[in-house]
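K.L.:
With chain A's structure known, arrange chain B on it following the hints.
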Amino acid sequence: MADFIKNTKKFFAKVKQSIKNFFWNIRRILNNGKRRIGKFLDKHNLNFASKFPGWAKALVYLSPALIVLSIFTFWPIINSFALVVYENYNMTSNTITGYTLFGNFITVITDESFIVPASHTGSSAVINTLIIVFISVPISVLLALFISAALNSIKPLKSFFQTIFFLPYVTNTIAIGLVFAYMFKTDGGLINQLLSFVGVDTAGLSWVESGAVYWRSMFVLIFYSIWASLAFKIMVFLTSIQGIDKQYYQAAAIDATPKGRIFTKITVPLISPMIFYILVTSVIGAFKIYNSIVALFGVTGAPSGVDYNLQSIVMYIYQFIDGSNAGSLSVAAAGSLILFAIILVLTLVQMQVSKKRVHY
Amino acid sequence: MDKKLFKKSNKIEKITFIFDFIAIAIYISLFLILFGMLELPEIVDGSMNLDILQFMEPTYYFLNATLDKLEMNTIISLVILFTLVSLPLLLINIKKVRTRTIYEIDSYTASSKFVQAVINLLSLNVVSAGLRIYNMFVLVKFVKGYSAKEFFKSIFPAVKAYFKKIFKKKKVEDLGDLDEYSVSIKQSIRRQNTSFIIRILFTYLFLITVAIVIIVPFYWMVLTSLKDFSGATLANPKLYISISQMNWVNYKVVLTALEFGLYIKNTVIVALFSTGGTIITTVLAAYAFARIEFKGREVLFSILIMTMMIPGELYIITNFITVSKNGFGWVGMATGENNYFIAMIIPFVTSISYIFFLRQSFKQIPESLYKAARVDGCSDFKFLTRVMVPIASPTIFTITILNVFSSWNAYIWPRIITGVGGQEGQKYWLISNALRDTAFVQDNGRVMYNLQIAASALVTVPLLVVFFLFRKYIMNGIGRSGTKG
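Same order as they appear, the protein sequences are chains A and B. The first sequence begins at 1 in the numbering used here and counts up by one. The second sequence begins at 1001 in the numbering used here and counts up by one.
Same shape as in the complex, but just chain A (with noise of 0.2 Å):
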């Protein structure tokens, strides 16, 4: 019996042993055939590894995201360039019938319901998102500021406030949305209900259903997109917060300087450029707001039997995205042009203003 243990062990050893010896060859061979080339290429001066040190590694290295990134992101901006510039550009047969300079830019600027009111809804989709920008922006900054500063003064129960006010981060928009389309519901809803008890005749309040003014529709949706985008902000604000030196909160404290004063003069110039930074990109978020206006309206981005729509630009955008009418993708491109100028200028506002100092 040890025999045999002996034996097999001896065996198994052997073949690990040619299994490594194996590989070893194919490594050797390869490394052979790498030289030899090597030699060719620096005997007709064609060795770009040489002449070009770091790159033949780099792209192994990059190859895998250059490519999917060449396909995937660098085509589509080139090819967008190209969507607008045709006419009736058809998905399905790949033909055009002509070109034109800005005639889908114009298509767009003039349509109604983009920028102009449309008759018979009221409403554009340029003014919505304005509207949500301008609302829900300075709001949920500010919101997170303060609620930042008091997480920030508290000991006790501190990280337990953190997980919670970090909850709608970790959330399906779509889900939530839901939820509050239900919470807003008429008959039946959460929130009439709270309205009832405090005393407000809530029938026939609705809100998201038909019979909603367009002033209460686009309460519920800014209500929610603060609501979601609160916890990213709160998370951004304390850690900038808690980088402060310490120092500053001392030398304040021996002075006996009033909370709101520290929190004027000291927290938020000390976080300013964060604040900035916080601004742009959620002034950018807002303006691309989509998936909470489906969640809570539906795909049209209207409740049902009301004569106005909440549809914002990215919305009105990706309605023409299905392929089936000809030139209606060079549509969406055109639309999609302006979105991407609104979001460079502001971009570009940010850098210049982060380069004179924000703060102190």
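Where hints are given, some of them may not hold.
Heads up, simulated DSSO-like pairs for lysine-lysine below, C-alpha to C-alpha not over 27 Å straight-line [to be verified]: (1) 34/A / 1371/B; (2) 1096/B / 158/A; (3) 1160/B / 1007/B; (4) 20/A / 6/A; (5) 1160/B / 1149/B; (6) 155/A / 1096/B; (7) 57/A / 1363/B.
With the C-beta cut set under 8 Å, the calculated list includes, among others, these residues of chain B facing chain A [said to hold, decoys possible]: (8) 1220; (9) 1233; (10) 1237; (11) 1294; (12) 1313; (13) 1314; (14) 1315; (15) 1317; (16) 1409; (17) 1411; (18) 1441; (19) 1442; (20) 1459.
Treat the hints as calculated values from the structure; they're not laboratory data. We put the CB at the ideal spot given by N, CA and C, even for glycine.
P.N.:
Frame of chain A; chain B shown alone:
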């Protein structure tokens, strides 16, 4: 300090841990068995009549006992509650058993053992509770030197002394002896203390208000998902639900009849593959940008950074053309020739912002480490996998989590991709699409709100579970990613 006692306590801890684990295994298997027994309406003409769901009065036979609907609901709810209570306990103890040292033990450890034992009792896990109590006595002996008997004897005087301390009247300070200056200082201290307390009070009040606003949708979601149809559409909805009224069958309907099991499977497939791809490509690219010197590195990197500014909507238009008939032909072909998964995964197997994020943490690894490794004959790739990746693993982990979350949230791209497929495309919906586009409307025009919200809860709960498991990593990662960007 008696080392033997410490070792004994650790041994008991390990045994308790095994029993905890067995208990949770029992709870979960019990839940699965009972959940599998729940009765659904019969399928008529290929569709299920969900209207009769709440009027069904099935009886179940389990372990020789006959259970009606309410009893079944009660048992399932209790099993779930037990699991919810004991699972965190297990997770906390995993960490502690592995890292506890002899210096960390104090009287609080003993008292926390007692609290845990009470929690064990609440979840009917008597064995673990008994072991924990025993462990508590061992710890008390270890810390204080009491035996169990002496411990009980010492409780009474301690409690008595505690109450005495509370009820002892505070001595009224006599201000008469002090001069005017001391009195004014004393008063101003008192004033400051009151204002401090008021401020703390208002801070907490503010935070609690916000916390309630944040929590309410989650609470309402779980609550509604357990109601029956008429409960979910009442004009005056109930704000709570009793254990016997919880309709766990809602989840079963959503998972099986409304095919959310399939959609969750789709989403998990897409999330796994796209995350795996993202990690591989971004780690390699970030390494190239952080360590390898080549001409034009900064130019290439700044081009990548610049493209981050471009809104994703711009890409989607052309990508749609790319993946459809005139491009790669992954979608938009005849039925049976489409590769929806590939079309949903491949465009998202890399991300510029993650490359940026990873490069930052790679750059913090000192150059000397690289040179030392090179001297020892370490190749670049080996250095990346053996040194860089382990050091940067928190960042990589954060990226993994963020990517899984974003796949879980993906809506528009899957919608466009599966939208052109019609009936066939529906089988490839991801959960967000399914949530929005599944018809929760019955033939008679009723919207099954309870089922819709149950589906939402089903989608949200896995995310929350992942969040609570890796809370620290995720929250730190988000904070840092914001600070750096």
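K.L.:
Against each hint, give a clear statement of whether it holds in the structure.
P.N.:
A quick look at each hint next to the structure:
1. Between residue 34/A and residue 1371/B the CA atoms are separated by roughly 25 Å; this keeps the pair inside 27 Å, and the hint holds.
2. Only pairs whose Cα atoms come within 27 Å are accepted, and residue 1096/B paired with residue 158/A is accepted, the gap being roughly 22 Å.
3. Under the criterion of a C-alpha separation no larger than 27 Å, the hint pairing residue 1160/B with residue 1007/B is inconsistent with the structure, at around 34 Å.
4. Only pairs whose Cα atoms come within 27 Å are accepted, and residue 20/A paired with residue 6/A is accepted, the gap being roughly 21 Å.
5. Taking the CA atoms of residue 1160/B and residue 1149/B, the gap is about 18 Å. The hint holds against a cut of 27 Å.
6. For the suggested pair residue 155/A and residue 1096/B, the alpha carbons sit about 24 Å apart, so the restraint of at most 27 Å is met.
7. Between residue 57/A and residue 1363/B the alpha-carbon distance is near 18 Å, which keeps this suggested pair within the 27 Å criterion.
8. The criterion of a C-beta within 8 Å of any C-beta in chain A is met by residue 1220/B, whose closest approach is roughly 6 Å, and the hint holds.
9. The closest approach between the C-beta of residue 1233/B and any C-beta of chain A is roughly 6 Å, which is under the 8 Å cut-off, so the hint is satisfied.
10. Annotation: interface hint on residue 1237/B holds; nearest CB of chain A at approximately 5 Å, less than 8 Å.
11. Proximity of residue 1294/B to chain A holds as hinted, the smallest CB-CB distance being about 3 Å (cut-off 8 Å).
12. The interface hint given for residue 1313/B holds, since its Cβ lies 4 Å from the closest Cβ of chain A, which is under the 8 Å cut-off.
13. This hint holds: residue 1314/B has a C-beta 4 Å from the nearest C-beta of chain A, less than the 8 Å allowed.
14. Proximity of residue 1315/B to chain A holds as hinted, the smallest CB-CB distance being about 4 Å (cut-off 8 Å).
15. This hint holds: residue 1317/B has a C-beta 5 Å from the nearest C-beta of chain A, less than the 8 Å allowed.
16. For residue 1409/B, the shortest C-beta to C-beta distance to chain A is roughly 6 Å, which falls under 8 Å, so the interface hint holds.
17. For the restraint placing residue 1411/B at the interface with chain A, the shortest Cβ-Cβ distance is roughly 5 Å, inside the 8 Å limit, so the hint holds.
18. The restraint placing residue 1441/B at the interface with chain A is violated, with a minimum CB-CB distance near 12 Å, outside the 8 Å limit.
19. The closest approach between the C-beta of residue 1442/B and any C-beta of chain A is roughly 17 Å, which is over the 8 Å cut-off, so the hint fails.
20. Taking 8 Å as the C-beta cut-off, the interface hint given for residue 1459/B holds, the closest approach to chain A being about 5 Å.
The structure is inconsistent with the numbered hints 3, 18 and 19, although it conforms to all the rest.
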